[in-house]
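Chemist: As a plain string of letters, each chain reads:
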Amino acid sequence: MLEDQSNVKAWFYLLPALILLGIFIFYPIVNAVFLVFVDNYNYQTGTYDGFTLLDNFRYVLSDNNFRMAMLNTMLITFVSVPLSVIIALLISVWLNAIKRMQGFFQTVFFLPYVTNAIAIGMAFAFMFNRRYGLINWFIGLFGIEPVNWVGMGASWGNAMIALIIYITWLTLAFKILVFLSGLQGIDKQYYEAARVDSASKSRVFLKITVPLLSPMIMYITVTSFIGAFKTYTEVIGMFGERLGPPGNDRAMITVVALVYRALDRSGVPGALSEAAAASLILFAITLVFTFINMQVSKKRVHY
Amino acid sequence: MEEALYASEKQVKRRQRIRLASVYALIILFAIFIIIPFYWMVITAFKTMPQVETAPPILWLNPADWQWINFSLALEQAPFLRYTLNTVVVAVIATTGTVITTILTAFAFARLNFKGRDALFMVFIATMMIPGEIFVITNYITVSRFGWVTLDQTYFDAVLAMTMPFMTSIFFIFFLRQAFKTIPDELYYAAKVDGKTDWQYLWQIMVPVAIPTITTITILNAMNTWNAYIWPRLVSMDEEFQLVSNGLRDAFDDQAGRIMYNEQMAAAIIVTVPLIIAFLLLKKYIMRGVSRSGIKG
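Chains A and B, in that order, give the protein sequences. Throughout the first sequence, residue numbering follows our numbering, covering 111 to 413 in sequence. Throughout the second sequence, residue numbering follows our numbering, covering -4 to 292 in sequence.
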């Protein structure tokens, strides 16, 4: 009797969240699977022309933009993540080594996290301006000719370099914060022992700091891979809805951008099924990383 | 002999000092790398157009020459005050909703015993791994079916479409449940002895104790709304209903000819400064929340 009562009570507490999650999270998951297997779905009428197994995936895969989106996303992920992890690791080790001004620098390094990706992306785009930008002026000091990074007709490679620099800058903050709190948790004894053995700094870093921090490094790397696979707002910030330099539209298209491009054509029958197919492909990729993540988290005995 | 030892000790000291100095030098170098985009944004916003279009770029401006007018010109480019108001409305509603549903659900998971609790919690955790893009597609259909996204959309419709899908968060439920779990059981039993109901216990004891975590949730959620770009763009049918990020991007998209970079950067500052102020005031809550949570965007 008492048990029944507490069951009812619990569901009363859960009800608001469950209704919202049911409508906006759980049902959409089921519906995405439905959408991907129907032909010519019209969302206004709810009608469709029968079922299909692979048509929608085939549409997405045969889209000229798909290979570009895949290539860009992979490149952004596999360059910006290792780069930012290494830089963040170095900065946090240095920050951990100082006492004076540590709090101040910690605040400075965290600033990119609390900025608007659109606003700061626009600032980066102007930094990379061919004629008046800061970057070309700076490399000019070393005698390098001005580069057309993001201007009219800029090449795919130049635009990609600029984008990756921006994304690396943007994603450092979070990693530094996590690494630094990890470093501060390392028992000082290890370092005392190393000092007694008069081990060199680089040896201490490679033999003590990195191994002790390794679960955290792995965790950050994997979650960052998942995050980087979802890159989209950063591209909008730097290049606008055109997703590339003027005259080279969609050069920086990403997998998530494919989903939203399909959504933009929502009135066209079948467009939403394409969006669903693209999002499920994205899910499949992140699932691989999530699986690695779970294996890693098992070693992090929290919870 | 002793002298040699003394010298080497002095040498070690000197080497340590050099090492520390180089660590500071490296930190400062990277700190400059972080600061430069902000500085560039600010200095560009205060330039005249001829100054903006000068090569090599002007890196320092006398405060007396700052073109404050760029900010009012930027505000004329797009109704930023309106967008800010829209963003505040959406942020307040979505955040209030999220905090309330999160408190109730986290309490049920942390404190109450009910059939299927662990199974349900596992479903919640599993859902966290699914990318949001999957939900967006159907949510777009859903808000259209509810009549919130139509050609004759009212402001009320737009606000509903922008807030309802974000009135709860599995991640924050998980986050708050962890905080609730650290509250000792003894408090609960003592409250029971005092004749408090579960409802009273939640609001009079658990919520006050967990205020730091709830504050963190409130701030992170409000920041997410401030930075939201994709969903508001998708569901606002009238330009007037958009949020700040949309307004910022659209007002200065460089499709047509010359961009007024100074006004563009002034607008970017208008959007960025509230975030920076909020961060500096609430640093403790934000940094602690983020370092524990591992969420990004």
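The reader is advised that the hints may include incorrect statements.
As the list claims (entries may be wrong) - Derived PhoX-like pairs (lysine-lysine); straight-line CA-CA distance at most 20 Å: (1) K176(B) / K187(B); (2) K311(A) / K8(B); (3) K279(B) / K119(A); (4) K119(A) / K191(B); (5) K119(A) / K209(A); (6) K209(A) / K279(B); (7) K191(B) / K110(B).
As the list claims (entries may be wrong) - Example chain A residues on the side facing chain B (calculated, C-beta under 10 Å, incomplete): (8) Y123; (9) A127; (10) I201; (11) G243; (12) G250; (13) F252; (14) I254; (15) W266; (16) G267; (17) N268; (18) M270; (19) I271; (20) Y342; (21) G347; (22) L390.
As the list claims (entries may be wrong) - Sample of chain B residues at the chain A side, in silico, Cβ under 8 Å: (23) P45; (24) V47; (25) F75; (26) T91; (27) E128; (28) I129; (29) Y256.
The set of hints was computed from the structure by calculation and includes no laboratory data. Idealized CB from N, CA, C, for every residue including glycine.
Chemist: Holds or violated: is there a CB of chain B closer than 10 Å to the CB of G267(A)?
Modeler: 21 Å, violated
Chemist: A closest beta-carbon separation below 10 Å is what the hint needs, so does F252(A) meet it against chain B?
Modeler: It is violated, given that the least Cβ distance between F252(A) and chain B is near 14 Å, above 10 Å.
Chemist: K209(A) and K279(B): Cα distance at most 20 Å?
Modeler: Judged against 20 Å, a Cα distance of about 19 Å means the pair holds.
Chemist: Can G250(A) be said to touch chain B, with a Cβ gap under 10 Å?
Modeler: Because about 7 Å separates G250(A) from the closest Cβ in chain B, which is inside the 10 Å limit, the hint holds.
Chemist: Taking only the CA atoms, is the gap from K191(B) to K110(B) under or equal to 20 Å?
Modeler: 23 Å, violated
Chemist: Would you check the hint for K119(A) and K209(A), treating anything up to 20 Å between C-alpha atoms as holding?
Modeler: Status violated; Cα separation ~52 Å.
Chemist: Given I129(B) was flagged as interface, is its beta-carbon under 8 Å from a beta-carbon of chain A?
Modeler: 5 Å, holds
Chemist: Classify the hint on L390(A) as holds or violated, based on whether any CB of chain B lies nearer than 10 Å to its CB.
Modeler: With a minimum Cβ separation of about 7 Å from chain B (threshold 10 Å), the hint on L390(A) holds.
Chemist: Hint validation: I201(A) versus chain B, beta carbon distance must be below 10 Å. Holds or violated?
Modeler: 6 Å, holds
Chemist: For the hint on T91(B), just tell me whether its beta-carbon gets within less than 8 Å of chain A.
Modeler: 12 Å, violated
Chemist: Is the shortest C-beta separation between V47(B) and chain A less than 8 Å?
Modeler: 6 Å, holds
Chemist: Closer than 10 Å between Cβ atoms is the bar; does G347(A) clear it against chain B? Give me holds or violated.
Modeler: Holds, because the Cβ-Cβ distance from G347(A) to chain B comes to roughly 7 Å (cut-off 10 Å).
Going down the numbered hints, you'll see the structure goes against 3, 5, 7, 13, 14, 15, 16, 17, 18, 19, 23, 25, 26, while the others check out.
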